[in-house]
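A.B. asks: This is what each chain is made of:
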Amino acid sequence: EAQVTQNPRYLITVTGKKLTVTCSQNMNHEYMSWYRQDPGLGLRQIYYSMNVEVTDKGDVPEGYKVSRKEKRNFPLILESPSPNQTSLYFCASSHRQGGEQYFGPGTRLTVT
Amino acid sequence: AQKVTQAQTEISVVEKEDVTLDCVYETRDTTYYLFWYKQPPSGELVFLIRRNSFDEQNEISGRYSWNFQKSTSSFNFTITASQVVDSAVYFCALRNNMGDDKIIFGKGTRLHILP
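Those protein sequences? They're chains U and B, same order as listed. Position 69, counted from 1, in the first sequence is what my numbering calls 69; the numbers after and before it change by one each time, with no gaps. Position 4, counted from 1, in the second sequence is what my numbering calls 1004; the numbers after and before it change by one each time, with no gaps.
Please note: incorrect hints may appear among the correct ones.
[As the list claims (entries may be wrong)] In silico lysine-lysine, DSS-like type, Cα no more than 27 angstroms apart, as pairs:
hint : chain 1 : residue 1 : chain 2 : residue 2
1    : B       : Lys1003   : U       : Lys65
2    : B       : Lys1003   : U       : Lys57
3    : U       : Lys65     : B       : Lys1102
4    : U       : Lys57     : B       : Lys1102
5    : U       : Lys69     : B       : Lys1003
6    : U       : Lys18     : U       : Lys57
7    : U       : Lys65     : B       : Lys1070
8    : U       : Lys57     : B       : Lys1016
9    : B       : Lys1102   : U       : Lys71
10   : B       : Lys1107   : U       : Lys57
11   : U       : Lys65     : U       : Lys17
[Stated by the list, open to error] Listed below are several chain B residues computed to face chain U (Cβ distance under 7 angstroms; list not exhaustive):
hint : residue
12   : Arg1050
13   : Arg1051
14   : Arg1095
15   : Phe1105
Calculated from the structure, these hints are not laboratory results. The structure displayed is predicted, hence computed values, not measured ones. For glycine and all other residues, C-beta sits at the position ideal for the given N, C-alpha and C.
Whenever a hint applies, use it, and build me the whole structure from the sequences.
C.D. replies: Here is the structure:
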């Protein structure tokens, strides 16, 4: 089944404790993105990747890192999480620029 | 700068009524793509439609229809004969095709269909 998976689905952590949210797609898509969703703000793009080893900042990259060592994986790294990074995070992939995105199920992160 | 505005934060209609969700965008690019996504109460994001900037044909899919007008930079979504299952948050999004892959979403419109 074609899908985008994210892990974990739920995470509660403390300020400053490094964490990684994994994202994997099995559709051989070149394009991947990370978003955060906050009430009243919609989805905002954090980082995107147009291919292996090609990543760039979206609208809200501060406090986040990403890597794209393999085509299928696009982990999101929070080196020192803060409470303002409490949010719902979505990973997405698409097979072409301008194409529709397929979204993962979301990761709800709480930083205390 | 790119921008997507969904001015309607929340809409409530009675089942079987028609409802239109507005989306207005701004971009300086000549080639771009517009999308609508649905987020039902279960939380997943579901793709509904994609439109490129060179195709202004309106589209109909069952009870759903989309009106793309470049002259007014709008890409509106109409649900005809609404049903309770249409209750969701709907997002409009803009994606360019000019070297980067920045994607801008509107803030969404929460649609309540009342039985």
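A.B. asks: Each hint should be assessed against the structure and marked as holding or not.
C.D. replies: Checked hints:
1. B/Lys1003 <-> U/Lys65: Given pair B/Lys1003, U/Lys65 holds - Cα atoms ~24 angstroms apart, limit 27 angstroms.
2. B/Lys1003 <-> U/Lys57: Distance ~17 angstroms between B/Lys1003 and U/Lys57 Cα, so the pair holds.
3. U/Lys65 <-> B/Lys1102: Roughly 16 angstroms separates the two Cα atoms, so the pair holds.
4. U/Lys57 <-> B/Lys1102: Holds, because 8 angstroms separates the two Cα atoms, which is no more than 27 angstroms.
5. U/Lys69 <-> B/Lys1003: With Cα atoms ~31 angstroms apart, U/Lys69 and B/Lys1003 exceed 27 angstroms; violated.
6. U/Lys18 <-> U/Lys57: Holds: U/Lys18 and U/Lys57 sit about 20 angstroms apart, inside 27 angstroms.
7. U/Lys65 <-> B/Lys1070: 36 angstroms, violated
8. U/Lys57 <-> B/Lys1016: 43 angstroms, violated
9. B/Lys1102 <-> U/Lys71: 19 angstroms, holds
10. B/Lys1107 <-> U/Lys57: 20 angstroms, holds
11. U/Lys65 <-> U/Lys17: This hinted pair holds, its Cα atoms lying about 14 angstroms apart.
12. Arg1050: 5 angstroms, holds
13. Arg1051: 10 angstroms, violated
14. Arg1095: Holds, because the Cβ-Cβ distance from B/Arg1095 to chain U comes to roughly 6 angstroms (cut-off 7 angstroms).
15. Phe1105: 4 angstroms, holds
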